[in-house]
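> Here are the chains, one letter per residue:
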Amino acid sequence: MIAIVQSSIDAAQLLAAVEDDSSGGVVLFLGTVRDHSQGQKVVALEYEAYEPMALRQMENIKEEVCKKWPVRRLAMVHRIGYMKVGEISVAIAVACAHRAEAFEACRFAIDSLKHSVPIWKKEYRPDGSFWVEGCQAHPVTDTN
Amino acid sequence: MKISVLLFAGLRDAVGAPRVEMELPESATPRRLADNLAERYPKLRPHLHAMAFAIDGEFVSGDTVLQNAKELALLPPVSGG
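From first to last, the protein sequence lines are chains D and C. Using the working numbering, the letters of the first sequence map in sequence onto residues 1 to 144. Using the working numbering, the letters of the second sequence map in sequence onto residues 1 to 81.
Calculated from the structure, these hints are not laboratory results. Even for Gly, the Cβ is constructed at its ideal location relative to N, Cα and C. Incorrect hints may have been included.
[Unchecked claim] Output of the computed footprint for chain D on chain C, the stretches with three or more beta carbons under 8 Å from beta carbons of chain D: (1) 5 to 11; (2) 26 to 37; (3) 48 to 57.
[As the list claims (entries may be wrong)] The following label-pair restraints were derived from C-beta to C-beta distances: (4) Cys66(D) x Glu23(C): 41 to 47 Å; (5) Asp35(C) x Arg107(D): 35 to 41 Å; (6) Arg40(C) x Arg107(D): 20 to 26 Å.
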């Protein structure tokens, strides 16, 4: 299960997608909207994706993870659009025979997603909205 | 040749449109295209050093010859997750 969705992410759905009798360890990572960034208050985030490429890069990550670790099942979902503090923006579930490889594979998957999947977030703060580029925030250009 | 340029996030805001059509010589590269576009849209200039490029959903280097490409995506540094 690899997907980009507009509506809320249901963690139970990811867990169901990686159900597997030969797995003894399932790791679920949830990325949630945090109420602060670099010392600033954040009230909401908005994500956008270059969808066809993002899906392709997510598939590439899955392939790489499955080459490096004996992964039985992997599910990866990113939500786009506007999200309030506390909502889930990304979820990854990995099922392996043993927990050590499940933790490592899941960690690698989320780190890779943050580096190579064309998705961007805009932070909404009390003082305005800012596109986050890599790990720095830039003011949103007013085009009107 | 004609090529469609796709713009995302801060780059789209800098240009004011998600897609721009350009006419370029066959020998053009993504880097050259971005420089040309920044002449038309000066707000793009501060972003030039950090952007990445993709053709058909795969990253390409700024020196790739664009010959036969129909679409080039200009990507600011990603911030998903």
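> All the hints need checking, so say for each whether the structure fits it.
How the hints compare with the structure:
Evaluation of the coverage hint for the segment 5 to 11 of chain C: fulfilled, as 4 residues show C-beta separations to chain D shorter than 8 Å, against a requirement of three. Interface restraint, the segment 26 to 37 of chain C with chain D: violated (0 residues with C-beta to C-beta distance below 8 Å; minimum three). Under a criterion of three residues with beta carbons nearer than 8 Å to beta carbons of chain D, the stated coverage of the segment 48 to 57 of chain C is upheld, 3 such residues being counted. Judged by the Cβ atoms, the range 41 to 47 Å given for Cys66(D) and Glu23(C) holds: they are separated by roughly 43 Å.
At roughly 39 Å, the beta carbons of Asp35(C) and Arg107(D) sit within the given window of 35 to 41 Å. At roughly 43 Å, the beta-carbon separation of Arg40(C) and Arg107(D) lies outside the given 20 to 26 Å, and the hint is violated.
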